[in-house]
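*Asks:* Sequence:
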Amino acid sequence: MADVATLRSRIKICMFDQYGTVVDMQGGLREAATPYLQSKGWMGNPNSFVTWWRRTHFENSMIDALLHREHMRYRDIGHLSVDQVLNRAGIEHSQEEVETLVSHIERLKCFPEVPEALARLHQSFKLVVLSNGDPDMLEEAKKHHGIPFDQVISVAAAGAFKPHVSTYTKAAEICGVAMDEILFVANHEFDCVGAKAAGMRAAFIDRRRRPFAKWPYQPDLIVGSMTELVDLLVERADAVA
1 MADVATLRSR
11 IKICMFDQYG
21 TVVDMQGGLR
31 EAATPYLQSK
41 GWMGNPNSFV
51 TWWRRTHFEN
61 SMIDALLHRE
71 HMRYRDIGHL
81 SVDQVLNRAG
91 IEHSQEEVET
101 LVSHIERLKC
111 FPEVPEALAR
121 LHQSFKLVVL
131 SNGDPDMLEE
141 AKKHHGIPFD
151 QVISVAAAGA
161 FKPHVSTYTK
171 AAEICGVAMD
181 EILFVANHEF
191 DCVGAKAAGM
201 RAAFIDRRRR
211 PFAKWPYQPD
221 LIVGSMTELV
231 DLLVERADAV
241 A
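Residue numbers are given in full-length UniProt numbering: position 109 of the sequence shown equals residue 109, and the series is strictly consecutive.
A couple of the hints might just be wrong.
Think about it this way: if two alpha-carbon atoms lie no more than 27 Å apart in a straight line, the pair counts; the simulated DSSO-like pairs of lysine-lysine are [what the hints assert, rightly or not]:
#: 1; residue 1: K170; residue 2: K126
#: 2; residue 1: K170; residue 2: K142
#: 3; residue 1: K126; residue 2: K143
#: 4; residue 1: K109; residue 2: K40
#: 5; residue 1: K170; residue 2: K12
Calculated directly from the structure, the hints in this document are not laboratory data. Here the structure is a predicted model, which means the values were calculated and not measured.
Sequences are here, hints too, so could you generate the full structure?
*Replies:* This is the structure:
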């Protein structure tokens with residue numbers, strides 16, 4: 001782990017992944033999918049269904065990024081993925097039902113500790129989102145998560161999904177800072193690896209208590225929650241002040 005005082009003195013922006021880091025994607029989609037799956041008579045585990053959905057979405061977004069063709073919208077990737085998962089599960093469905101399930105992504109709520117933690121962090125740092133979501137989805141999400149980010153950036157600006165290097169470099173360009181002046185915060189290992197490989201600092205929110213793989217691109221900080229991250233950064237900021 002990096003020296004926190006040195007890290008604190010260098011970074012100017014804390015940049016966050018949104019889905020699964022700021023907002024509870026697994027829990028929120030499970031809550032939305034459960035009554036739908038019950039109405040279809042599906043006897044499986046809704047949490048497993050959502051995991052299947054999210055993994056398929058990630059796989060499809062990586063395929064899209066590697067094609068090096070026109071960037072596909074996050075929403076469209078979502079429709080494609082939910083349709084695939086419903087077909088695999090043998091659940092008859094309509095396109096309208098697919099679109100309704102995906103629309104719940106725009107209405108996800110924060111993890112419980114996040115609003116208070118980020119309010120404290122905002123006293124010392126500029127807060128920015130870099131998300132795979134579409135610009136209009138991220139705009140709608142503001143009404144539901146309620147976090148007053150200074151800036152919300154969609155990877156659509158770079159024309160690729162994270163962890164493509166262009167997504168991080170474009171975000172730094174938009175913010176007008178050097179890559180290593182950004183601390184990228186994510187609950188996802190792939191996102192921390194992508195940010196570090198691109199030249200940012202990174203903090204891994206290890207909510208699921210999973211060991212970080214032995215990538216050459218290790219996070220600067222590993223913490224168990226957003227509160228723990230802020231306790232480190234803000235405490236050091238107060239000490240310096």
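*Asks:* With reference to the structure, classify each hint as holding or not holding.
*Replies:* Now for the hints, and whether the structure bears them out:
Between K170 and K126 the CA atoms are separated by roughly 17 Å; this keeps the pair inside 27 Å, and the hint holds. As the CA atoms of K170 and K142 are separated by approximately 22 Å, the hinted pair is consistent with the 27 Å bound. Our distance criterion of 27 Å between C-alpha atoms is met by K126 and K143, whose separation comes to about 20 Å. Of the pairs offered as hints, the one joining K109 and K40 holds, with about 26 Å between alpha carbons and a cut-off of 27 Å not exceeded.
The straight-line distance between the Cα atoms of K170 and K12 is roughly 16 Å, inside the 27 Å bound, and the hint therefore holds.
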